[in-house]
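Under this note's numbering, residues 1 to 461 are what the sequence shown spells out, in order.
Hints in this document: simulated from the structure, not taken from any laboratory.
Hints are supplied without guarantee of correctness; some may be wrong.
Stated by the list, open to error - Here are the computed distance ranges between Cβ atoms for each label pair:
1) 113 with 213: 53 to 59 Å
2) 168 with 35: 22 to 28 Å
3) 362 with 113: 35 to 41 Å
4) 288 with 82: 46 to 52 Å
These figures come from a predicted structure and were not determined experimentally.
The C-beta atom is built at its ideal place from N, Cα and C for all residues, glycine as well.
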Amino acid sequence: MIPAKLIHQAEEYVDSGAFFAELAAMVSYPTESARPESHVAVKAYLDEVLTPALEGLGCSVTEYDNPSGGPFLVGRRIEDPGLPTVLCYGHADVVDGHAGRWSEGRDPWTLTGDGDRWYGRGSADNKGQHLVNIAALRLLLAEQQKLGFNLTFLFETGEEIGSPGLAEFAAAHQELLRADVLIASDGPRLDATTPTLFLGARGGVQLQLDVDLRPDAYHSGNWGGVLRNPATTLAGAIGSLVDGHGRIQVPELLPPDLPDPVRASLAEVTVAGSPGDPAPDPGWGAPELTAAERLYAWNTLEVLTLGAADIDRPVNAIPGRARAVLQLRYVVGTDVDGIEEVLTGHLARHGYDMVEVSVLGRFAASRTPLDDPWVGWARRTLEQVTDQPVAVLPNIGGSLPNFVFTDILGLPTLWLPHSYPGCLQHAPDEHLLGSIAREGVVLAAALFHALGNPTDTEDPR
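With the hints as constraints, model all of the structure from the sequences given.
Shown next, in the form of structure tokens:
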């Protein structure tokens with residue numbers, strides 16, 4: 001059981017304003033990975049924030065070049081080679097700051113408190129989350145002068161642009177990153193009030209459908225009924241893939257089944273449980289599944305963009321070209337190899353051989369099994385310090401580079417998120433809830449304390 005004194009210290013760290021002040025310094029670095037000119041801010045964040053923080057935990061710190069993108073930072077503290085090793089992960093980069101678009105004139109690079117909401121780019125994704133874990137480790141070390149385990153902390157600087165080079169780095173440095181378990185924080189918990197563990201992430205494939213029939217537009221009165229309309233064609237093609245109620249029509253785009261353990265884990269899970277969340281639309285998606293099963297355990301095909309001609313200034317003409325970008329979100333067990341050929345063949349059989357299909361990008365699905373001993377250990381540990389059940393999700397609906405840790409490094413993965421679905425992390429007004437940060441430091445401290453102070457009945461190793 002985590003000592004009451006350590007719980008008090010974790011809560012006091014947030015209540016005193018120390019967490020806010022430290023996060024404010026982190027947010028002030030505009031580490032936008034999609035902007036090449038931000039490499040200076042990224043480098044400064046590694047040198048001036050993360051390196052001192054890791055050295056304060058007794059880590060030796062090394063920065064590694066990345067031929068595919070921004071650098072990696074690795075901190076290691078080896079207390080005893082015979083002890084277990086935990087690998088922690090975070091990302092130093094953020095999405096575009098959207099300066100000038102925040103409410104009430106807020107600056108994305110200035111942490112601004114408004115009640116329980118702390119506004120700033122990176123406050124929730126991911127600076128506030130890796131600060132929770134750094135703070136918990138720091139408190140544990142101060143309390144007992146040791147961790148009781150070995151620590152490796154890996155930071156990347158390109159998660160928001162698809163983690164370029166991360167898989168290759170992990171494959172080339174497996175000994176450096178060797179561990180017994182990954183404990184990391186990113187993404188949202190189930191809702192603002194429910195402590196959550198998730199074990200992986202859905203994968204994704206981004207697809208472009210292009211109907212390029214002619215270079216010019218032709219008057220609809222003179223040519224309507226004679227020339228094929230690419231926009232109408234594109235709408236029909238999309239409808240053959242996913243119908244107007246969000247139901248996938250191509251069997252190859254669906255998972256083979258919904259495993260019983262996954263179904264059981266989601267039986268009591270309610271989607272959209274926070275104030276301000278949009279209500280799930282009735283009749284949308286696979287009708288035989290619950291909302292939680294559709295979000296966390298099934299595949300969805302979403303239209304991200306759809307266009308032809310100028311929608312704001314239409315003219316009486318048949319456009320020459322129409323395009324759409326779709327995204328397949330998929331769970332473990334779905335075969336997405338050859339998806340371009342599968343969709344091209346499907347569309348041809350439905351009379352749409354003039355639609356060109358191309359894959360714009362992809363990332364893999366991954367999941368730690370629900371019956372892994374580390375999962376039960378983490379759940380029991382967290383429920384000792386919270387007054388409610390902990391939600392355990394097989395994976396989140398979004399994406400993370402979890403496959404790097406499960407498939408390349410062979411680790412069980414425990415993600416303890418410290419944000420919530422309404423945090424607006426990729427939009428103006430991104431914010432961290434102070435209440436979640438406060439609870440998060442306690443929960444993280446509990447996990448790390450239990451790892452360093454195992455009992456015979458609870459040790460998952």
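Here's how the hints hold up against the structure:
1. Distance hint for residue 113 and residue 213: a CB-CB separation of about 55 Å, consistent with the stated range 53 to 59 Å.
2. The beta-carbon spacing between residue 168 and residue 35, approximately 23 Å, falls within the hinted interval of 22 to 28 Å.
3. Roughly 39 Å separates the CB atoms of residue 362 and residue 113, a value that falls within the hinted 35 to 41 Å.
4. Judged by the Cβ atoms, the range 46 to 52 Å given for residue 288 and residue 82 holds: they are separated by roughly 50 Å.
Checked against the numbered hints given earlier, this structure breaks none of them.
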